[in-house]
Amino acid sequence: AQTVTQSQPEMSVQEAETVTLSCTYDTSENNYYLFWYKQPPSRQMILVIRQEAYKQQNATENRFSVNFQKAAKSFSLKISDSQLGDTAMYFCAFMKQGTGNQFYFGTGTSLTVIP
Amino acid sequence: GAVVSQHPSRVICKSGTSVKIECRSLDFQATTMFWYRQFPKQSLMLMATSNEGSKATYEQGVEKDKFLINHASLTLSTLTVTSAHPEDSSFYICSAGNRGVGPRSQYFGPGTRLLVL
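Just so you know, the sequences run in chain order A and B. Take the first sequence: its letter number 78 is residue 68 in our numbering, and every next letter is one higher. Each position in the second sequence, counted from 1, maps to that position plus 5 in our numbering.
Hint data in this document are derived by calculation from the structure and do not stem from the laboratory. These numbers come from a predicted model, not from an experiment. Check the hints yourself; a few may be wrong.
[Claimed, not checked] One-sided and incomplete, this derived list gives chain B residues near chain A with beta-carbon spacing under 8 Å:
1) Cys18
2) Leu49
3) Arg109
[Stated by the list, open to error] Some residues of chain A that are not near chain B, with every Cβ distance over 10 Å (derived):
4) Glu5
5) Val9
6) Phe54
7) Lys60
8) Lys68
9) Ser70
10) Asp71
Positions of the beta carbon are idealized from the N, C-alpha and C atoms, including for glycine.
Taking the hints into account, I'd like the entire structure generated from these sequences.
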């Protein structure tokens, strides 16, 4: 079975600063996908960033980037130039390749951006 | 693209009544849809996986007679909470898995807040 661990239940960051959210996972699979989702107070799940395990290059989306360490099974999210709108729950998710898109979610990290 | 709608967004009902929640993929065909339940400040808990034209697969501990799932078409899945009780009050989220077009992922609906009085 796949497990996803987010060890930081809550974090805070000053506006304009950088913050890193951690995620580790456990799997015996070689081909899979990793995701970070943001859930703001509206509770709509929003895809932040996606990483294919076969790609060595870390994914980047504007102010969001990941540090994907496949051997260590680590997938951290870095948010640069934090904005008030980044305040949300952040969930790390794992998906095996070829399994009908089933996700395994972490427990989430509540991020607060302080003005 | 890849928009998923969910209806209603919130519902209040009396104990003992049944409530139906619809989940639609608007611009893609979803052979697989997922139903989640989420309690405040917690992660999403997968309730069941719904495949078009076949019976849903329920996670351990989820009562299939309580939470009826129908996935009659490639764009529509419904969750019916039968004989709802206050403990069924929660936030329910559906998602649709894509195939073929675009990167593999799940696309989430906006959720339904259910309150049973």
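Against the structure, the hints come out as follows:
Violation of the interface hint for B/Cys18 is found here, the shortest Cβ-Cβ separation to chain A being roughly 20 Å, above the 8 Å cut-off. This hint holds: B/Leu49 has a C-beta 5 Å from the nearest C-beta of chain A, less than the 8 Å allowed. Proximity of B/Arg109 to chain A holds as hinted, the smallest CB-CB distance being about 6 Å (cut-off 8 Å). The beta carbon of A/Glu5 sits about 23 Å from the closest Cβ of chain B, which is more than 10 Å, so the claim that it is off the interface holds.
Chain B leaves A/Val9 outside its interface by the beta-carbon criterion, the shortest separation being 19 Å against a cut-off of 10 Å. With a minimum CB-CB distance of about 16 Å to chain B, A/Phe54 clears the 10 Å threshold, and the non-interface call stands. At roughly 18 Å from the closest C-beta of chain B, the C-beta of A/Lys60 stays outside 10 Å, upholding its exclusion from the interface. No beta-carbon of chain B comes within 10 Å of the beta-carbon of A/Lys68; the shortest separation is about 21 Å.
Distance to chain B confirms A/Ser70 as a non-interface residue, since its nearest Cβ pair spans about 23 Å, more than 10 Å. Distance check on A/Asp71: its Cβ is at least 26 Å (rounded) from any Cβ of chain B, clearing the 10 Å threshold; non-interface status holds.
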